[in-house]
Amino acid sequence: MHRFKELEIWKQSRVFCKDIYIVIANFPKSEKFGLISQLRRASVSIPSNISEGTSRISSKDFSRYLEMAMGSCYEVETQILLSNDLGFLKDTELIALQEKLTSIIKMISKFRSTINARIKN
Numbered sequence: 615m616h617r618f619k620e621l622e623i624w625k626q627s628r629v630f631c632k633d634i635y636i637v638i639a640n641f642p643k644s645e646k647f648g649l650i651s652q653l654r655r656a657s658v659s660i661p662s663n664i665s666e667g668t669s670r671i672s673s674k675d676f677s678r679y680l681e682m683a684m685g686s687c688y689e690v691e692t693q694i695l696l697s698n699d700l701g702f703l704k705d706t707e708l709i710a711l712q713e714k715l716t717s718i719i720k721m722i723s724k725f726r727s728t729i730n731a732r733i734k735n
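Here the sequence shown stands for residues 615 to 735, where the numbers follow the numbering used here.
Since the hints were derived computationally from the structure, they do not count as laboratory data. Bear in mind that the values here come from a model prediction, so they are computed numbers and not experimental data. Accuracy of the hints is not assured; some may be wrong.
As the list claims (entries may be wrong) - Straight-line alpha carbon distances no greater than 20 Å define the calculated EDC-like cross-link-like pairs of lysine to aspartate or glutamate that follow:
1) Lys724 <-> Glu620
2) Lys714 <-> Glu691
3) Lys720 <-> Glu645
4) Lys625 <-> Glu681
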């Protein structure tokens, strides 16, 4: 069992979620039930799945929650790209978010690989 508050992937994904909330504050009000809602939900899902996974007894279950967090990362990536395409997100904001998200994806992937290796042994 892991202490989620000590996990760097949880810390970084929480900061990333806050960053998403900050940039979407400038989106048009007409997107309240569109991209704003989707980005909030998907970005919150990343640290939430990591923390929920730590409560699971088996490493296999924890790995599954990390997989769900990874899916949310890719969902957010698609949504920020669309936001940029629509002019809601500046290129500089997109690049900064993509860099942070790529780092989180790499950390989750590496951590998940480590857990899966332990399951096989």
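Each hint, compared with the structure:
no., hint, verdict
1, Lys724 <-> Glu620, "holds (16 Å)"
2, Lys714 <-> Glu691, "holds (11 Å)"
3, Lys720 <-> Glu645, "violated (30 Å)"
4, Lys625 <-> Glu681, "holds (17 Å)"
Hint check: a violation occurs at hint 3 only; the rest are consistent with the structure.
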